[in-house]
Amino acid sequence: MKYKVNEKGYYGDFGGAYIPEMLYPNVEELRQNYLKIIDDADFQKEFHQLLKDYVGRPSPLYLAKRYSERYGANIFLKREDLNHTGAHKINNTIGQILLAEKLGKKRIIAETGAGQHGVATATVCALRNLECVIYMGEVDIERQAPNVARMKMLGAKVVPASSGSKTLKDATNEAMRDWINNPVDTHYIIGSVVGPHPYPDMVAIFQSIISEETKKQLLEQTGSDQPDYVLACVGGGSNAMGMFYHFMDDENVKLIAVEAAGKGVSSGFSAATTYLGKEGVLHGSRSILMQTPDGQVVEPHSVSAGLDYPGIGPQHAHLFKTGRGQYVSITDEESLDAGLLCTQLEGIIPAIESAHALAYLEKMEFKGGENVVVCLSGRGDKDLDTYIKYFNL
Amino acid sequence: MNRIKQLFQEKKNILSIYYTAGYPNTGDTIQIAEALEKSGADMLEIGFPYSDPVADGPVIQASSKQSLDQGMTLNLLFEQLKDLRKKVTIPVLLMGYVNPVLQFGVEKFCEACAEVGVDGCIVPDLPMVEYEEFYKDCFEKHNLSNVFLITPQTAEERIHKIDGLTNGFIYLLSSSATTGKNLEVGNTTEAYFSRIKNLNLKNPTMIGFGISDKQTFDKACSYANGAIIGTAFVKAIADGNLEESVSNFMKKFKG
Ligand SMILES: Cc1ncc(COP(=O)(O)O)c(C=O)c1O
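Respectively, the protein sequence lines represent chains A and B. FYI, numbering that gives the first Met the number 0 numbers position 389 of the first sequence as 388, with every residue one higher than the one before it. FYI, numbering that gives the first Met the number 0 numbers position 145 of the second sequence as 144, with every residue one higher than the one before it.
Source of the hints: derived by calculation from the structure; they are not laboratory data. The structure presented is a predicted model; accordingly, all values stated were derived computationally and were not measured. We put the beta carbon where it would ideally sit given N, CA and C, even for glycine. Be a bit skeptical, because a hint or two may be false.
Claimed, not checked - Stretch-level coverage of chain A by chain B, calculated; a stretch enters the list once three of its residues show a Cβ under 8 Å from a Cβ in chain B: (1) 15–24; (2) 90–97; (3) 159–171; (4) 254–266.
Just need the whole structure built from these sequences, with the hints factored in.
Okay, here's the thing in structure tokens:
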């Protein structure tokens, strides 16, 4: 429990709820109710039923043979890409939509970067017949066009965010403004382990199904539920937190979080938050964020829309600061190359986000025979345009 | 005595104006303050800009962005305010988001405020619990009032807590909204204003967000000690001669 949230909503120095008064009633309502609702047996039953029948869980833990030969270690891929809608994001949206219903909310809003969270939110809104508004940066609308079309087909209204860098950070600002202006009937489904307490904890709980399953699957496949390493990419950090969750207190399991270096950590076009960032407050929590000495948030860059965010969730900041997690970064080019490699070795086209985690395998040194789990957080269908352009396919 | 307290003791129907520091031009901060006092403003809220102002609508977002793009920082703002008290006598508050304050340093921020003669602060995303635990002593040591916001959704118990924690005024939002939404005084808003009036709070109240003309200003004054105008003013000084724009704008309220 050392790395979990305390009763004040903090992970060590990080977390809290830095929100304007307009958001207080909604966030407080959530804070008072989220654990009660989630722990309720009926909720658990419905949540797990939907994960099984609708999402297609448990997602396989696949021993990737050719990867394993290449690296001389047992490389397991946790196949979140096989979930309905193609990424881990749906684990969280299923949980939050059920919770929003319990709170009597009629309207759902969300931000999205890659569009995966937007699609996952629009999907559960269609499923439960709730109004859905998705905020998405103009830049992302362009580079993730297939997902925009999916959201529209699912009945969501997609609103472009045109301020700042026109990416995930700005979409999040717009969603928060929407929530301020619609204080009574709206629930904001935040897509990662960011935002004011209790969001980081709530999203982590919903995503923790990833490591819960992984433990069982590892035990079956290797005889031990303790791998040597688990790896995941970090935008806000939700797939990583889901992957780390049940391993956090197993101190012998090394947690590796892979951030997006963009064009290189020193290039001025990067999203490597722990490397470039300092402690501060963004989107309702105290964490680590990329900022100027004057406290203005710096606009990030990554080829992958889902990692193009200047902060990380407060729990990640805590894992980083305590040294429990190792935070590394991978460039745009390294990730795209890793995406192609995965496709050609294993016949799996990964999301460029997930390819960041895979790319780090190239940089690790294995003694031989270690068990390594990589969270394959999503599939690459949405990224075909980027891959095609980069490789001249 | 703190200038804010004195103002509320002496006056009714207080008109407070918000504007963004360094907008429309970096060097305008003090000139606007002087012009506002000259044309009858009772109190000033000078916004220090932030890159991600989630509580603000498009007009104040744009003014913040322009100001930042032109080079405004907290350091520069305090530099500009060095001779504030030689030029302006009415109460002045700084308004902005918590992250720039954190990076500047809370203690250093409070010292700088006191040194230039700022009387209080409004930091909308600084939570009450954090204020109480980490900021209050420092604010009080430097005789700074910290102003909290309340909305129609703020529970009564919380309003009393806020009332106990502050010593300037309470900022009553006409509705839960980002800045710049127009005030629609319907029955529910009036009921909310009356409800607050009848709580007999120890602090005076100011109504803000969406006040844009004499009519909405007067309405607000019938329920509170005064009102705050932001977006409408920021819009009015976007271009043209600054002195003229300020004085023309103020005539609508003081004429
Ligand atoms: C496939 C995939 N992986 C990872 C991410 C990054 O988000 P997080 O760090 O919250 O897992 C995204 C976000 O859009 C995504 O679509």
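Structure-based check of all given hints:
For a cut-off of 8 Å, the count of residues in the segment 15–24 of chain A with a CB near a CB of chain B stands at 9, and the three-residue condition holds. Here the segment 90–97 of chain A counts 0 residues with a CB under 8 Å from a CB of chain B, which misses the bar of 3, and the coverage is violated. Coverage of the segment 159–171 of chain A by chain B holds in this model, with 3 residues showing a Cβ closer than 8 Å to a Cβ of that chain against a need of three. A count of 0 residues in the segment 254–266 of chain A with a Cβ less than 8 Å from any Cβ of chain B is obtained; the coverage claim is therefore unmet, three being the minimum.
In summary, the structure is inconsistent with hints 2, 4 from the numbered list given earlier, while agreeing with the others.
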